[in-house]
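Construct the complete structure from the given sequences, taking the supplied hints into account.
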Amino acid sequence: MSKNYATVNPCTMCMPLGSVMAFRGIENTMPFFHGSQGCSTYMRLHLAHHFREPIDIASSALSENGAVYGGGANLKQGLRNVIKGYDPRIIGIATTCIAETIGEDIPQLIKEFRQEYPGHSDIILIPVSTPSFKHSHEEGYNETLRAVVQTLAKKDQPSDRFNLIVAAIVSPEDVRYLKQMLDDCAWSNILLPDTSETFDAPVVDEPPKIPVGGTRIEDIKDTANSKETVTIGSCSTIIGAGEYLDCKFNIPNIVLPLPIGLEYSDIFVSKIEMITGTALSRKYELERGRLLDAMIDSHKYVAHVKTAIFGNTDIVIGVTKLLTELGMQPEVIATGSDNQVFEKAARKLAPDAVVLCNTDFSGIHSEIKKKEIELMIGPFTGRQISKAEHIPLVRLGFPNHDRMGASRQLILGYEGAMRLTDTITNTILENK
Amino acid sequence: MLENKIVTLDERRKHIQRKEGEILLPVICNSDSLAGAVSQRACVYSGARVVLNPITDALHLVHGPIGCASYTWDIRGSMTSGATLYKNSFSTDMKEINVVFGGEKKLANALRELVMKYHPPAVFVYSTCIVGIIGDDLRAVCNASSKELNIPVIPVLSEGFRGNKRMGYKAACHAIFELIGTRVHTPQKPAINLLGEYNVAGDLWNIKPYFEEMGIDIIVSMTGDSCVEDIRKAHTAHLNLVQCSGSMTYLAKMLEEKYGIPYLKASFFGTNDMSKALMTTAKFFNDPLMVQKAEEIIKRETARTAPLIEYYRSRVSGRRAAIYMGGAAKAVSLVKAFRELGMDVVIIGTQTGKKDDYEEIGCLVNNGTVIIDDANPLELRELLTRQKANLLVSGVKERFLSYKLGIPFCDFNHDRTITFEGFDGMVNFAHEIDTTINSPVWKLHVMRTGGLINVEELCNS
Ligand code: SF4
Chain A
22 MSKNYATVNP CTMCMPLGSV MAFRGIENTM PFFHGSQGCS TYMRLHLAHH FREPIDIASS
82 ALSENGAVYG GGANLKQGLR NVIKGYDPRI IGIATTCIAE TIGEDIPQLI KEFRQEYPGH
142 SDIILIPVST PSFKHSHEEG YNETLRAVVQ TLAKKDQPSD RFNLIVAAIV SPEDVRYLKQ
202 MLDDCAWSNI LLPDTSETFD APVVDEPPKI PVGGTRIEDI KDTANSKETV TIGSCSTIIG
262 AGEYLDCKFN IPNIVLPLPI GLEYSDIFVS KIEMITGTAL SRKYELERGR LLDAMIDSHK
322 YVAHVKTAIF GNTDIVIGVT KLLTELGMQP EVIATGSDNQ VFEKAARKLA PDAVVLCNTD
382 FSGIHSEIKK KEIELMIGPF TGRQISKAEH IPLVRLGFPN HDRMGASRQL ILGYEGAMRL
442 TDTITNTILE NK
Chain B
23 MLENKIVTLD ERRKHIQRKE GEILLPVICN SDSLAGAVSQ RACVYSGARV VLNPITDALH
83 LVHGPIGCAS YTWDIRGSMT SGATLYKNSF STDMKEINVV FGGEKKLANA LRELVMKYHP
143 PAVFVYSTCI VGIIGDDLRA VCNASSKELN IPVIPVLSEG FRGNKRMGYK AACHAIFELI
203 GTRVHTPQKP AINLLGEYNV AGDLWNIKPY FEEMGIDIIV SMTGDSCVED IRKAHTAHLN
263 LVQCSGSMTY LAKMLEEKYG IPYLKASFFG TNDMSKALMT TAKFFNDPLM VQKAEEIIKR
323 ETARTAPLIE YYRSRVSGRR AAIYMGGAAK AVSLVKAFRE LGMDVVIIGT QTGKKDDYEE
383 IGCLVNNGTV IIDDANPLEL RELLTRQKAN LLVSGVKERF LSYKLGIPFC DFNHDRTITF
443 EGFDGMVNFA HEIDTTINSP VWKLHVMRTG GLINVEELCN S
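Chains as they are written, first to last, in this note's numbering: chain A, 22 to 453; chain B, 23 to 483.
Derived from the structure by calculation, the hints contain no laboratory data.
All figures in this text were calculated on a predicted structure; none of them were measured in a lab.
The reader is advised that the hints may include incorrect statements.
[What the hints assert, rightly or not] Label pairs and their in silico Cβ distance ranges: (1) Asp-159/B / Arg-237/A: 50 to 56 Å; (2) Lys-105/A / Asn-389/B: 27 to 33 Å; (3) Lys-365/A / Arg-35/B: 54 to 60 Å; (4) Val-89/A / Val-468/B: 47 to 53 Å; (5) Ala-409/A / Thr-208/B: 36 to 42 Å; (6) Val-468/B / Arg-237/A: 24 to 30 Å; (7) His-141/B / Asp-108/A: 54 to 60 Å; (8) Lys-230/A / Lys-410/B: 16 to 22 Å.
[Stated by the list, open to error] Stretch-level coverage of chain B by chain A, calculated; a stretch enters the list once three of its residues show a Cβ under 8 Å from a Cβ in chain A: (9) 65-78; (10) 87-96; (11) 106-117; (12) 152-158; (13) 175-186; (14) 419-429.
Don't be surprised by glycine CBs; every beta carbon is placed ideally from N, CA and C.
Listed below in structure tokens is the structure:
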């Protein structure tokens, strides 16, 4: 689709936001933006609304002076203050537009910081370049995962673990589900990033300054010694963590779609069975059977329902797959990211659908009208269209600011597909 | 002294003071946020956007990369009785090529495209951080577009890094000022403008009827539920009532200077302040009938709402409140409202307060209250615990910190969906505070006590 000059109601967010979502899944890590104060405040708000958690992101708070003479002093002062205040093991430094535009050389500034403050040598600094005028939050997320591995992974004794890189933004509940499954089946692994606790923290007596949880630093170091990498999320257009480990340490990397729906979950499970030599446990075989049962129960009610799916690339692809398995009719498949991989995958799954890349909600809206859509699936940002056209919206993925439980939304695996199938079917039944 | 007690960064100490023995040391304020301190403040653009966005039929175009527009799409709970164009987020979505070669052309094209499609009566074009760096001439593009498209296209100079939110308010005031005075209008009755009334959750609709009852015409409320046409007539008012003084005093002063319209500070929150606002307005017009009407309204509405408020007061009085707001005017109103509810304010802070704001706050609060400027999460959490607050009133970022600490929270910002202004608003507020503080969720044990000690009690109850 040809893009207009103006974007009307964006279906995407900016790169540093994605970087926070990755950094937050690493043990004892404080996200830090080099740039203006406002960016961090906006993204804190955006994330807090969705996860309903306190979100702390530090900023070097560049002002006019910093913009003109360089922000090195601010960056260094900021790092010291974060260390004093939060006592992190890692500070993840992402850049906002202004730092990128004035051409800040972060690796150089980090070198200076190291020289000037040798007392802080135990703090790991992970820089990642996230210019929002180049890519969206999805690339920001994957760039960050790569930067993390690039900084930390170290060759050592080979282990019998495999790496599981979650290369798409999923909910804490999704990560919990994956961890449980890996654990139940005794599939020895390193999962990155682990947001299961950090974005969905319990109430405790003395809440920690940096949420407990996240992938352990020692484990990330050891990703260089795993026997294989499974990357879930296949739409990334940049060199991800898995590819890096492959190039650098010769660890074979297999890229799979997010395990959404029956067949993609099967692919995921079978691959890990192959790597580990251990079969899926009975608990999940039963779950799979129940999912199929649920899909059969639902198929008549959902058949040929014309659906629009929008949001983050990998989730849209996975959900589209599930819809085709159910006999529904994905008619509009859209993402705000500029992503050819997505476009191809979507066309293959649903050759008759309109596929929109690099689009906005005004683009999605006009297609929804043309195609006489009956059901919408995607983030809450579709609510205005849903209201205007009286089409039910199943809220799914990020962001979700106006309903409870975004952190506990499960869409991965057999269980996730089951819940999704029920929700979709019930939504259709209620709106009959 | 508090400075010795609170654990924070050295540079931050002078921003935090405790009122002791009727003496308050000056609170350092209105300075740039400290790097790495995790300030709760936003940016110049944010300040401008929150002020202008409620103009319902204007087209708000963000010239910058996509993020800035994404995060500010329909963020403010300002309600509308008419147009809904302001609920959209328009952006030039600048890409690398625009950063390198400039974004003026894309902006001009975007303006043309959007005006043709949406036919707005006016456009506000906001500049974000990088526009200032790459040197796009926003004013020139806007002027040219304005001529070509035959509507006001107003630049809002709000590059994020050029200061804080307060500068954004100023930029917004300048933008509004460009519109004012561009329509001929002669008011038939005593006429006023409300400045700094944003109609969050529909606040304006609680108070408007009282002014009408007094025979006063509100030409425009700036900017809640306003439209471009009414703003253009704002210069014909006889009086400006300034509520959110932090954001709008500047505009009031400009209107006074250019059009000779006097202004008065007012607040519509809390029974006392609301009554005072009606009375001062009536007295300003120096009309005994109007004063009598105001008295009548105040008597009637107070009689109606007092018993309700009294009920809630009996359930919350004596509790300890903490206030952390963006602007000082709201913080001051809140102190008074809590007084009506018999609650003590133990912490009070703002993101953008000025020296005289803090002096006013200092006079108002009791001994022992901690006053803080540009607080960060670590300071807030320490103070909330140390001052034994039973409630925090603030915005979304602070909400979940409060919850995690087990402290009830009330949203007094853009995200609330209940009106707090006017006589009914005060009842709503009191009700909200009661349901918040007295919810059983706060009585549940954070840690399991263990054992089965209470089984019998549970079964018999
Ligand atoms: S300036 Fe760039 S990094 Fe900051 S909010 Fe806007 S798009 Fe995001």
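Right, here's what the structure says about each hint:
Restraint check, Asp-159/B to Arg-237/A: a C-beta distance of roughly 52 Å satisfies the suggested window 50 to 56 Å. At about 31 Å, the beta-carbon gap between Lys-105/A and Asn-389/B stays in the expected band of 27 to 33 Å. In this structure the supplied range 54 to 60 Å holds for Lys-365/A paired with Arg-35/B, their Cβ-Cβ distance being about 58 Å. Evaluation of the 47 to 53 Å hint for Val-89/A and Val-468/B yields a pass: the beta carbon distance comes to about 49 Å.
Taken as a hint, the range 36 to 42 Å holds for the pair Ala-409/A and Thr-208/B, whose Cβ atoms sit roughly 39 Å apart. Range check, Val-468/B to Arg-237/A: about 26 Å between beta-carbon atoms, so the 24 to 30 Å window is met. His-141/B and Asp-108/A have their C-beta atoms about 56 Å apart, which keeps the hinted 54 to 60 Å range intact. Taking 16 to 22 Å as the suggested C-beta distance range, the pair Lys-230/A and Lys-410/B conforms, at roughly 20 Å.
For the region 65-78 of chain B, the assignment as covered by chain A holds, since 4 residues bring a beta-carbon within under 8 Å of that chain's beta-carbons and 3 suffice. With 10 residues bearing a CB less than 8 Å from a CB of chain A, the region 87-96 of chain B meets the requirement of three and the coverage assertion stands. Note: the region 106-117 of chain B has 9 residues with beta-carbon separation from chain A under 8 Å; the three-residue rule is met and the coverage holds. Three residues within the 8 Å Cβ limit are the bar, and the region 152-158 of chain B against chain A gives 4, so the coverage statement holds.
Taking a C-beta to C-beta cut-off of 8 Å, the region 175-186 of chain B contributes 5 residues in contact with chain A, enough for the three needed, and the coverage statement holds. By the rule of at least three residues with a Cβ nearer than 8 Å to a Cβ of chain A, the coverage given for the region 419-429 of chain B holds, with 8 such residues.
Hint compliance for this structure: no hint is broken.
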